[in-house]
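Going down the list, the sequences are from chains A and B.
Note that the first sequence covers residues 846 to 1195 in this note's numbering.
Note that the second sequence covers residues 846 to 1195 in this note's numbering.
Hints in this document: simulated from the structure, not taken from any laboratory.
Because the structure is a prediction, the values reported are computed rather than measured.
C-beta atoms are modelled at their ideal positions from N, C-alpha and C, and glycine is treated no differently.
Treat each hint with caution, since some may be false.
Claimed, not checked - For lysine-lysine, the following DSSO-like pairs were computed, each having C-alpha atoms within a straight-line distance of at most 27 Å: (1) B:1000 <-> B:1032; (2) A:1000 <-> B:1140; (3) A:1140 <-> B:1000; (4) A:950 <-> B:950; (5) B:1039 <-> B:943; (6) A:1000 <-> A:950; (7) B:1000 <-> B:943; (8) B:943 <-> A:950.
Unchecked claim - What the simulated footprint calls covered on chain A by chain B, stretch by stretch (three residues with Cβ under 8 Å from a Cβ of chain B suffice, anywhere in the stretch; the number is not a length): (9) 916-922; (10) 997-1003; (11) 1114-1121; (12) 1152-1158.
Protein chains: 2
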Amino acid sequence: MATGRIEVNSLRDFATAVYVSIGMPEPDALIAADTLVQADLWGHQSHGVMRLSWYAARIRSGVCSAVARPTFVSDFGALAVIDGGDAMGQVLTAFAMKEAIRRAKLHGIGAVGLRNSNHFGTAMYFTLMAPPEGCIAFLSTNASPAMAPWGGRAKTVGTNPWSWAAPAGKHSPMVLDIANTGVARGKVYLAKQKGQAIPEGWAINAAGFPTTDPAEAIDGIILPMAQHKGYAIAVMMDMLSGVATGSAFGSGVHGPYQSEHRSGAGQFMIAINIEAMQPLADFNARMEQMISDLKSVPLAQGFDEIVYPGELEARHHTANTRLGILLPEDTLADLRKLATETGLGDKLPF
Amino acid sequence: MATGRIEVNSLRDFATAVYVSIGMPEPDALIAADTLVQADLWGHQSHGVMRLSWYAARIRSGVCSAVARPTFVSDFGALAVIDGGDAMGQVLTAFAMKEAIRRAKLHGIGAVGLRNSNHFGTAMYFTLMAPPEGCIAFLSTNASPAMAPWGGRAKTVGTNPWSWAAPAGKHSPMVLDIANTGVARGKVYLAKQKGQAIPEGWAINAAGFPTTDPAEAIDGIILPMAQHKGYAIAVMMDMLSGVATGSAFGSGVHGPYQSEHRSGAGQFMIAINIEAMQPLADFNARMEQMISDLKSVPLAQGFDEIVYPGELEARHHTANTRLGILLPEDTLADLRKLATETGLGDKLPF
């Protein structure tokens, strides 16, 4: 364990204990805790244990149910809709993705729409459930308003992240996980918590001017990635995650940093059984070839290597598992406060 | 008909006759011709009849089969794989999308992987087959190398476009159709054909320097949209369209502007039956609400209105159907040459 870093298992145990202390069943608490620690392991600190206190506040205030009782609203064989009853998005999405994978094995492709869910953390946590099962997965979610529709100046469109993941043979899975804003909203919160300025081009403030102040950006408007394209993708992901699943959409969705509103977030996920298309071994060999081809391209100036999507996260995972997780002081303070409030000071891993 | 514009039906008839003259069965020729004219109607001139001579050259050279005989390689109920035998991508993708929709109606969701296909024109032509059937559709394709992997300086990654479409109640369908380059490669060709410079930021030349010369850009490297994000999306679309379907991938895919190589392009498409999730009328009402919400946002400076994805194309379609299609002089010359070569001078609509 490197100095100042926190051992992964003890951090996960602490987060699990916090969730259990506020009413979550232990298996569900473990899933929710693991999603946070896993985000930190991948180097996605903005979606890591810094969010534990936010989720806890939502359960305590009652807008998020501690106990998940997912119920099937419709079942059409390869496609089902599940009502999450406002429970933890992490627990519901893990449940729903398992269902999608099960259905993919029966029908070649399987999908689940999830309504009345919650923010679920990091999309790739759930799409990465598919590769060990020989499946490719897609997942989209809507999220609370973070940007304006293209040409507008009021926040009504969420970051609405989406992810694809696939096995990649001897390599860690290939995985894409992106928000449709130029930058993930959580990264703005992280910059604020670290007291750092944000780069220009990430956001405009409430008055419509460019800003490098994360606090102003949070009150202002995050810009979409690739201009109007990011806006269009975000709207389509809301169509799929919110409108089609029967959940809230647009301004009707509330974020995890608010403890006074139910979320209304929805998710849509698809699993594809690779064996229904070709032998899995062939697919894996082709993925290895693809990755090898990408990595053998001559380098542009300023680059040391070419990576495939998800490779950096896998590398961070390995390093952080060995070294332990480094958290900003503000997050440590939040966790200490949470430990005191829940009487779990003895479980605090630092 | 406005001056200098070409009547839509006569342009479609001409393109159909050209395809028939080089061996395509008439129903297939009509599909292939319609995709070209439809792209012009939407204002996507880069994918319009300017490409007719490219596709014709590929059929004549024998790298693309005039007669499509799609065969099922695997059938897993909701998911099937079709081998296109190097026939026209437009004909194969229309066939495969119908199959995906048919399977969605049986299973809630349906998907088809298409291998040994060809460039198919505009992705939204095919996803827009789903909304009239009460379905949402997704479609991805791979394409010939147009950009470097992020951090590299050789073209090995295609634009790999993808599309989602959904019904939108009283409105024309909501539809997204994007290439993962900052700009569609066809737009660079169009600029070259029009003799116009391209904006900076679209491409670097073969030596790795920024360029505004479309000819240099064609020999150079188009930049991905949203930097590394566009690269990652493009790779995932190749995973789906090329690797998973059993088609070519990466540098193995050849483009429509080459008449000496078989394409190897693959496509993957998904259809989702909305009625399996909620009554279609409810979905449509929710889509109308979503669009109304988007359009009622106060405007940013420099904008007259907020549009939803696909709205501008639908508007162009209406106007161009009424006014006729305006083509650049180079395209007119290409069509004249084609008419002479195929003995169809009497069918030339201008």
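Comparing the hints with the structure gives:
Distance restraint check for residue 1000 of chain B and residue 1032 of chain B: the Cα-Cα separation of roughly 18 Å lies within the 27 Å cut-off, and the hinted pair is therefore satisfied. Taken as a hint, the residue 1000 of chain A and residue 1140 of chain B pair is honoured in the structure, with Cα atoms around 12 Å apart against an allowance of 27 Å. A distance of roughly 12 Å separates the Cα atoms of residue 1140 of chain A and residue 1000 of chain B; the hinted pair therefore holds under the 27 Å criterion. A hinted pair counts as satisfied when its Cα atoms are at most 27 Å apart, and residue 950 of chain A with residue 950 of chain B qualifies at roughly 19 Å.
For the proposed pair residue 1039 of chain B and residue 943 of chain B, the alpha carbon gap of about 36 Å is over 27 Å, so the pair is violated. Distance restraint check for residue 1000 of chain A and residue 950 of chain A: the Cα-Cα separation of roughly 40 Å exceeds the 27 Å cut-off, and the hinted pair is therefore not satisfied. The suggested pairing of residue 1000 of chain B with residue 943 of chain B is violated, with an alpha-carbon distance near 34 Å, which exceeds 27 Å. Restraint check for residue 943 of chain B and residue 950 of chain A: the C-alpha separation of about 23 Å stays at or below 27 Å, so the hint holds.
With a cut-off of 8 Å between beta carbons, the stretch 916-922 of chain A has 3 residues touching chain B; three or more are needed, and the interface restraint holds. Check result for the stretch 997-1003 of chain A against chain B: holds, 5 residues qualifying (beta carbon to beta carbon below 8 Å, three or more required). Requiring three or more residues with a Cβ within less than 8 Å of a Cβ of chain B, the coverage given for the stretch 1114-1121 of chain A holds, as 5 such residues are present. Counting residues of the stretch 1152-1158 of chain A whose C-beta sits closer than 8 Å to any C-beta of chain B gives 3, which meets the bar of three, so the coverage hint holds.
Comparing the model with each numbered hint stated earlier shows that hints 5, 6 and 7 do not hold.
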